[in-house]
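Novice: In case you want the letters, here they are:
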Amino acid sequence: METLMSILIGLFFAIGTYLILTKTLLRIILGTSIISHGVHLLILTMGGVKAGGPPLLGFEEITFTDPIPQALILTAIVINFATTALFLVLSYRAYKVIGTDNTEKMRGNEDE
Amino acid sequence: MNNLLILPVVIPLVMGLLMVLFRKNITLQKIVSAASITATGAVAVLLMIQNDQDGIQTLQIGGWQAPFGITYAADMFSSLLLTTTSIVALSCLLFAFKTIGEERESYYFYPVFLFLITGVNGSFLTGDLFHLFVCFEVMLISSYVLLSLGGTRKQLRESVKYVLINLISSFLFLVGVAYIYAVVGTLNLADLSVKVAEAGQGGMLTAISLVFLIVFSLKAGLLLFFWLPGSYSAPPTAIAAVFAGLLTKVGMYAIFRLFTLVFYHEPQITHLLIGVLGAVTMVLGAIGAVAYGDIKKILTYNVIIGVGFIMAGLASMSIAGMTGSVFYLIHDMIIKALIFLIGGTIISLTGTSKLEDMSGLIRTHPYLGWMFFTAALALAGIPPLSGFLGKVFITQGTFEAEYYWLGGIGLLTSLLVLYSIMKIFMNAFWGETYLSEEMEKGSTKGIMVPIALLTGLAVLLGVGAEGISSYVNLAAEGLMNPELYIKAVFGE
Amino acid sequence: MIYTILLISIFFLVLSIIAAVYRLIKGPSIPDKVQALDAIGINLIAVVAIISVMLRTTAFFEVILLIGILSFIGTIAFARYLERGVVIEHKRSK
Amino acid sequence: MSINVLSEIVAVTLILIGCIISFLSAVGLVRLPDVYTRSHAASKSSTLGVLCTLLGTFVFFIFQEGYFSIKLLLGIFFVFLTAPVSAHLICRSAYRTDVELAEVSARDDLKEELKRLQEKG
Amino acid sequence: MVWLSIIILVPFIAAIIVPFLYKVFNQKIHIGWFVLFIPFLIFIYLLTYIPSISAGKTFTYLVQWIPTYDINFELYMDGLSLVFGLLITGIGSLVIFYSIFYLSKEREALHNFYVYLMMFMGAMLGLVFSDNILVIYVFWELTSISSFLLIAYWYQRQRSRYGAQKSMLITIFGGLSMLAGFIMLSIITDTYSMREIASQMDLIHGHELFFPLMILILIGAFTKSAQFPFSIWLPDAMEAPTPISAYLHSATMVKAGIYLVARFTPVFGGTAEWFWLVSGIGILTLLYGSINAVRQTDLKALLAYSTISQLGLIMSLLGIGSAILYFGYNDESSVYAIASLAAVFHLVNHSTFKGSLFMVVGIIDHETGTRDIRKLGGLLSFMPISFTLAVIGSFAMAGLPPFNGFLSKEMFFTAVVNASQLEIFNMETIGVLFPVIAWIASVFTFVYSMILVFKTFGGKYKPKMLEKPAHEAPLGMLIPPAILASLVVIFFFFPNVLANYLLKPALASLLPEEVTAVDIEMKISAWHGWNTELFMTIGVVVIGSILYILLKKWIGLYSVYPQSFTLNRLYDSGLAKMESGAKTITDQYMTGSLRAYMIYIFSLLIFVWGGALLLPGAFSIDVSNDAPVSFYEVGIMGSMLAAALTVLFAKSRLTAIIAVGALGYLVAIFFVLFRAPDLALTQLVVETVTTALFLLCFYHLPKFKKEKEKKGIPFKPLNLIISLGVGTVVTLFAISANSSRMFEPVSSYFEDSYELAGARNIVNAILVDFRGLDTMLEIFVLTIVGLGVYTLIKLRLARREKDEGAE
Amino acid sequence: MKEPNDVILRSVTKVAVVIIFTFSINLFFSGHHLPGGGFIGGLGFAAALTLLFLSYDIETVRENISLDFKKVAVVGVLIAVGTGLGSFLFDAPFLSHTFDYFDLPIFGKTELATAVLFDVGVAMAVIGTAVTVIMTISEDR
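Protein sequences, first through last, are from chains P, X, F, C, S and L.
In short: position in the first sequence from 1, add 17, done, that's the working numbering.
In short: position in the second sequence from 1, add 4, done, that's the working numbering.
In short: position in the third sequence from 1, add 15, done, that's the working numbering.
In short: position in the fourth sequence from 1, add 3, done, that's the working numbering.
In short: position in the fifth sequence from 1, add 97, done, that's the working numbering.
In short: position in the sixth sequence from 1, add 29, done, that's the working numbering.
Don't take every hint at face value.
Selected chain L positions facing chain C (in silico; Cβ < 10 Å) [as the list claims (entries may be wrong)]:
no., residue
1, Ile37
2, Leu38
3, Val41
4, Thr42
5, Val44
6, Ile48
7, Ile49
8, Phe52
9, Asn55
10, Gly115
11, Thr165
In the BS3-like style, the derived pairs of lysine-lysine whose C-alpha atoms are separated by at most 27 Å in a straight line are [said to hold, decoys possible]:
no., chain 1, residue 1, chain 2, residue 2
12, F, Lys41, S, Lys800
13, F, Lys41, C, Lys47
14, P, Lys40, S, Lys680
15, X, Lys358, P, Lys122
16, F, Lys41, P, Lys122
17, S, Lys891, X, Lys34
18, S, Lys748, P, Lys122
19, L, Lys43, X, Lys34
20, X, Lys102, S, Lys891
21, S, Lys120, P, Lys40
22, P, Lys122, S, Lys680
23, X, Lys427, S, Lys674
24, S, Lys120, X, Lys449
25, X, Lys28, L, Lys100
26, X, Lys427, S, Lys680
27, S, Lys680, X, Lys358
28, S, Lys891, P, Lys122
29, P, Lys113, S, Lys891
30, X, Lys358, S, Lys674
31, P, Lys40, S, Lys813
32, S, Lys557, S, Lys649
33, S, Lys748, S, Lys813
34, X, Lys449, X, Lys358
These aren't lab readings, by the way, just hints derived from the structure by calculation.
None of the values given here were measured: they were computed from a predicted structure.
Ideal placement from N, C-alpha and C gives every residue a C-beta, glycine not left out.
Here chain P stands alone, though its shape is the one from the complex (with noise of 0.2 Å):
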C-alpha cells in the first residue's frame, strides 16, 4: 500500500508542478491545492497505514493507527487552507489591479 501510495503522490506531485509551471494564476493555484493533497497523503503514508484502527480509545482496538502524522495533517489542511484563500484574493486582487492573469506579464522589467 504506501508503495503504491508513494506512486500515487509522486504523480501528484507531478501534475501539480506542471500545472505550476503554466501561466495563469487559476491553474496555479489549482496546482498547489493538488499538491497540498499529495503532501498530506504522504504524511499519512510515511506515518504508516493501517497499522490499527481509528486513534481513539475506548472502543476495542488494542492497536491504533499512528496519530500523531493525522494531528499533522490536521495542522497542515488548515494552514494549506489558510494560505490558499489569501493567495487566491491575492491573485483576483493582482489581475483587477494589473489587468492580467498570466504571469509572464507580471515580470515587472519594465519600471515603473
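For this one, chain P is given, so just place chains X, F, C, S and L on it according to the hints.
Specialist: Showing chains X, F, C, S and L alone in chain P's frame:
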C-alpha cells in the same frame, strides 16, 4: 521549566490581537506595539543572562516531556537572535510611525507587524521540527499580508510570486517532515539528534537532510533567492527593512540549527554542499549588486551576499566559523535593516531609486549621509565596525576547514559589496547638490532616531565587540556541542 | 461471508464512483459535472458506511453526515454560480 | 438462527441492495442522453441506494454493537431532505445556462411558458 | 608607556571634537591652528624616545580591546615604528601648518578636512605602533578609508570621486588579501602577535601555505605602496588637496606598504620567493614609475609617478636586504645589510624632498591656478624662494650632491651591484639586470627632476595661460617646505647622526640581532672613492642631461605605445565590462518570470534530491512491511488520478474546480481508509469551503485564456520533464524512507491520552494538549489570513496610485 | 428572463441549517472523545452560515447576525492564548491543561477540562475567519 521562553511569542501575539480590537485608536496602537517589542527585547536579554549563568533554558509546553510535547529551548544562539530581532523590529517600527501612512495604519499594519515578530521569535525558540513549520507559517502569512498591504501594482505583482514560492517551500518542508518522521519517528530536534547519532547518519538520513537544506535555502535565499529582489523592493521602506533584517535570517537559523544539532555527522557531504551553495550565492549576489544603478536592487542583492557569507561559516563547521557566523548574523540583521531604512529615505527624498537621477544629498542631509557611510563600511566588514569580526572569523573558519576558495570568495565579494554600496554613497550623497530642501519629495523628520539607533549599534558592535563576545562564544560553543542542547531538552 | 458481501458491495460502489468520475470528465455540460460531483459525494457516504461496517467502528459516522451536508452545500454553491454568476448575492433591490 | 446472525444478514442484504441500486444509478448516469434525464438517475436512485446502505449500517450497529446512532439517522434524514433540492437546483441552473435537451425529449414546456411570460411583460 | 596609547587616541578624539570647534571658531580663526598642536606635541613626545630606542630598548604597552579573541591594542615601539611615527607626526605638523594657508577658511569645509586628516593620522600611528596583526589590519583599512575621503574632499568634482573610488577599490582589495594572509598566518602560528609570529619562523617556512600567504600579504603591501601593477590609483589620487598629496600620497600612507614589508622581513626573508617578489616588483616599479613620470604634463601627476618609482626603489632595497637572512650572520654577508640601511635611509629622505616638492607644486598651483607644465614657465623671477626649494627637492630626487638623495642613491647603487654578485636565488644568471635597470631608472629620474624645475621656473613666462598672475606665496606656505628642504641639506652633511639614532635601531627590527649588534660598515659617507657607484652616477647625470636637452625629439616615442593597453584603460574598461557583464548575467536569469523561477527551484530540487538519492545507502526499496492493498482502494486511487488529470487537462475553469472538489472528497475517503476520521472530517469541510471560495473569486477572475478557443493546457516538454522529475524524486524518496524505518515512532506514548489528558480521541488530545501550541498558532495563522484578506480587498492604494499617475 | 425564486431552497435551508448547527455543536463537544473538535465544529458552523448566505443574500443575514467576525476570530485566539497564560498563575509550563470530573446536577458525572476552553477559542477563530473571508470577498464588486 522556564515560562519566560514563551513570552517572546505570546507578548506580540496577544498585544497584536488586542490592537485589532482597537483598530481606530492609532496612537494607542503605536504605543502598544513599541512597548510590546521593547518588552520582548527585555525578555530576550533576560534569557541571555540566564543562558550565561545557567546554560540552555527550556520549556516543555503544556508540561509534556520531550519528545512528546513541543519543546521550546533557548540557547545563547537563539537568545542573541531574539534580542537582535527586537532591536531591529523596534527600529523599523519607529521608522514606520512616521512613514507608513494613515491608511496602512488603520488597516492593521501594527498588529500584523507584531504577528511577524511572533513568527520570527517562535522560529528562533522552538525545538520541534513541525512547530518550526508552524512558526514559519505565522511569519510567512504575516509577511504576505505586509507585503501586499496597500495593494499597489508592484506590491501585488511581487506578492504573487513571493506567496507562490513560499507556498512551494512550505510543501517541501512538510515533505521533509514526512520523510524524517518515517525514518526516525520523532519530531523533537533533540530527540532527532539523539536518534540520528544512534543510527549513524547513513545515506538515507543524509539525503533527508538535503531535502531540508533545499527547503530552508528557499527561505533563507541560499542560491534560491530569485524571489528576493522583487519582493524586497515592492513594499514601503519600513516593511522592506524588517524583511531584509529578519526574514532570510530565520531560514538561516533553521539551517544552522538543523545542521549543527541533527545532521552534523557527514560534513563532507552536507556542509560542503552548503559551502558550495553559499559560494554560488555570494558570487551571483555580488554580480547582481554591481550590475544595477538602482538603490533598491543594489540593496537587495546585498542581502543575498550576506546569506552566502554566513553560510560559509556554517560550512566550515569549526568553532571559529561558528563564532564568525553568529557575529555576522547579528551584524547582518542590524545592518541590512539599517541600509534599507536609509536607502528608503533616500528614495523618498529624491523621489527616485535611480542613482543617475540623484546627487549631492550630503549638503542638505549630512547626518544621513555619514550614517549611510558608516553603514556601508560596516556592511563591507571594514573594521572596526560590526561586520569585521564576523568576517575575520568566518574566513578563519573556512581556512581552517581548508575551504580556501570559500573564504576567498567571501573576501572578494566583500570588496564588491563595498563597491556597490559606495556607488550609492558617491552618487546619492556626493556630487553637485541640485535638490534644495524645499524641492524634496519627503522629509527626514522623525525618522533619524531609528537610523541613528541602528548606526550606533553597528559601531558599538564593532568597537565594543568585547561586550558580547562571551555571549557569542557561548552561542558558538552551543552550536558545536549538540549534546548540551540535548541534555537541556531532556532534563537530567 | 459477510465480509465477501461487503466487498462485493464496495465493488459496486467503486464502479459507480468511477462512472461518476467518467461523467465528471466527459461532461459535456457543466451541470453534468456538478451532478457527477454530487453523485460522487452520495456514493462516498455509502463507501464510508460500508467501511464502518467492515471495521466495526462507529468512528466514521460523523463523516457520513458531514459528507451529506457538505455535498449539499457544494452543489448549491455550484448551482448558484452557474445560474447567477455570483455565489453569494447582494440584496436584489439594490 | 439467532437474532444476531439474522440481523447481520438483513443488514448486509440491505447494504448490498443499496449498492446495487447505486450502481444502477451510475449506469444511468453514464448512459442517459442529457443532463435532465441523468439527474433522475443521479438523484432518485442513488438517494435510494444510499438510504438502503445507511439503513443496513444502522441495523448492523444496533444489533451487533448495540449502538443506536442518532447521527446515522440524521444522515439518512438529511440526504432525504437535500438530495431533491440539489437535483432541482442543478437542473434549473442547467436550463438557465441553456444546456440543450436531448433530441429524444418529447417537448420543452417551460420554454413556451417563459416565452409567453416575456411577451406579456 | 600609557602615553603611547594616548598619542594614538588623541587624533581620534580630535576628529570628534573638530566639528564642534569648527562651529564655534570658524568665523574667527582657522581651526587648523588648533589641530596643528596635536601632531606637533606628539612629534616632540616621540623625539624623547630616541635615546632609549637607539640604546636598543623597545617598549610595549597593552590596551585591551577584545581580549576574548586576543585582539588587543598591543602597542609596541621599536626603531622601525619610531622612524615612521616621527615621519607621520613631523610631516603631519608641517602639512597642517601648510594647509592653514593653503585652504581658505571661508570657502572650504575645513571640519571635514581636519576630521579626515586626524582620522588618518591616528590610524597611521596605530598601524605602526601595533603588534597585533588584526589591529594592524584595522588601522590599515582605516587609512584606506580616510584616504578615500580625503581624495574625494572636493566631492562635487567627478574626477575626485573617480580617483577616490579607484584608490579605495585597489587599496581595500589589497587590504582584504592581506587579511586573508594574516588569517592564514594566525592559523599556522595560533597567535595574532607579530613578535610571536616572527619567533615561529621555521614553522611558517615549512608550512604548505607559506607561499600563498606570503603572496597575499605582499599584495596588501604592494597595493598600498602603489607597486606595479597596482600603482594606477596613485596618480588619480592627486585630485586630493595638495597638502594631502604631500602627506598621504608621498610621505606616509603609501609607505605603509614599505612598513609592512619591513615588518615581515624577519618572517619571510631569506627565501627566494620573498627576495624575488619584493626586489623584482620593486625594481620593476622603479622603472615603470620613472619612465612614466617623464611624459606627465601635470606637475602633481609627475610627482605621483615619481613617488611610485621611489617607492619601488625602497621596496627593491628591502628585497635585496632580505637576502642576508638566508646566510645568517657572517662577515661576508654583512655587506648586504647596506641595502636595508639604504631602504630606511631613503624612506626618510624621500619623505623630506618629496614633501617639499609637493608643497612647492601646491604653491605654484595656488598662486598661478594651474599645474600644467605646458602652461607654466618663467616663474623664476616671480617666485625665487619657491624656485630654490624646488631645486633642492628635485636635485635630491635626482640624486645629486649636496643633497641627501645623493647618499641614498649611491647606497642603492651599491646594493644593486652587490646584489648582482649574489650567488643564491639564481641571481648569478639574471642578477646583472638589477644594476642595469636601476641605472636606466635613475636616468629617467634625473630627466623628470629637471623637467620639474626647469620647465616651470625656467623658460618663458606665459601669463595668458595662467588663471592669475604669478607671485610669491605667503610666508606661511613657504615655511614648511623650507624646513623640509633644510633637512634635505642637513641630512647630507650629517647623515651619521640620523643613522646612529634612528636608522640603526630601525634596522634592528629588520635584520637579525647579530648583524646590527656588531658595528659593521654602516657609516654613510658622501665620498667613498672612485668606485662603480660614482661612475654610474656620473653616467646618469651625463646621459640624463643629454636626454633632457633632446626631450622634444624623443618624447613622441611615448605615443607609440597604444593607449588602450595602459593599466588605467584596463582598469576603466574592466570596471565597465564588469558592470555591463554583471547586468547581462543577472538580466539573463532574473527575468521576473514566475515560471522561470519555479523552473530554477524545481531543477535544483531534482538535482539535489536526486543526487542525494544516489548517495550510498540512500535509496532502498522494501515492500515487505507494506499494508495490504484491496481492489477497491486501487479503484479509488484510479478515480483520484483521473480527477487530478482532469484538473490538468480541463478546458474550462469550472471543470477544473469540480474535479478538484472531487479529488478532495476522494482524498477524504482515503483518510477514512487510513483510519483517520478527524482528518476526513476536516478535509471534507476544508474542501467544500475552498471550493466555495474558488467560486466566490471566480466572479473576479478571468476565464482560462484558451477557454474560448476550447484548447486545453499548452504543452511544453520542459515543463513535462521537470514535473515528472519532481514526481519521481518525491516517489523514490518516499519509497526509500518507507523502506528504511529505523525507530518506532514516539506516538505510543499518546495511547495513554485518556489518563494523561482526559481525552479518548488521541488526535484531538494531541491537537489541543500535547501539541496545543501548534493549534494555537494555526488558528492564529487563520486569523491573520482573515485580516489579510480583509485588508487586501478593502485597502486599495493602487487606485490612488493610478490617479496620481494621471495627474 | 424572470428571476428565479428560491422558495424550495429556502425552506429546506431553514431545516438544514438547524441540523447543521446542532451537528456542529455536537461535533464540537464530542471532539474530546470522538472525532470532531473545535476546528471541525467551527468550520461546520461556518458552513451553516455559508448555506444561509447562499440561499439568502448578504444583507439579510447581516441584519440578523450583526457581528464583526474579525473580532470573533481575534477573541477566539485570545481565549486560546488565555488558557495557556492561565498556567502562569499556577507556575506550570505554558499551555498546561488540566481536567477533572465533577458531579453536576443535571449532566451527572461530567468532565471539565481547560482544553475545552481552548477548543472554544479554536472554534471562534475558525468561524470568525471563515465568515470574514467569505463575506469580504462577496461584498467586493
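Novice: Can you confirm whether the C-alpha distance between lysine 557 of chain S and lysine 649 of chain S stays at or below 27 Å?
Specialist: Cα-Cα ~16 Å, so holds.
Novice: For a C-alpha distance cap of 27 Å, please report whether lysine 43 of chain L and lysine 34 of chain X respect it.
Specialist: Violated, at roughly 46 Å.
Novice: Verify the interface restraint on threonine 165 of chain L: the C-beta must sit less than 10 Å from at least one C-beta of chain C.
Specialist: Violated, because the Cβ-Cβ distance from threonine 165 of chain L to chain C comes to roughly 25 Å (cut-off 10 Å).
Novice: Tell me if leucine 38 of chain L is really an interface residue toward chain C, meaning its C-beta lies closer than 10 Å to one of theirs.
Specialist: 6 Å, holds
Novice: Does lysine 891 of chain S lie within 27 Å of lysine 113 of chain P when you go C-alpha to C-alpha?
Specialist: Measuring from Cα to Cα gives roughly 13 Å; hence the hint holds.
Novice: Keeping to a limit of 27 Å between CA atoms, is the pair of lysine 358 of chain X and lysine 674 of chain S held or broken?
Specialist: 20 Å, holds
Novice: Let's test the interface hint: is any C-beta of chain C closer than 10 Å to that of asparagine 55 of chain L?
Specialist: At 8 Å from the nearest chain C Cβ, asparagine 55 of chain L passes the 10 Å test, so the hint holds.
Novice: Is the Cα-Cα distance between lysine 40 of chain P and lysine 813 of chain S 27 Å or less?
Specialist: Given pair lysine 40 of chain P, lysine 813 of chain S holds - Cα atoms ~11 Å apart, limit 27 Å.
Novice: Checking one constraint from the list: CA of lysine 41 of chain F to CA of lysine 47 of chain C, max 27 Å. Satisfied?
Specialist: 22 Å, holds
Novice: Taking 27 Å as the top limit, are the C-alpha atoms of lysine 122 of chain P and lysine 680 of chain S close enough?
Specialist: 21 Å, holds
Novice: Checking one constraint from the list: CA of lysine 120 of chain S to CA of lysine 40 of chain P, max 27 Å. Satisfied?
Specialist: Roughly 62 Å separates the two Cα atoms, so the pair is violated.
Novice: Was the hint right that valine 41 of chain L lines chain C, CB cutoff 10 Å?
Specialist: 5 Å, holds
Checked against the numbered hints given earlier, the structure breaks hints 10, 11, 16, 19 and 21 and satisfies all the rest.
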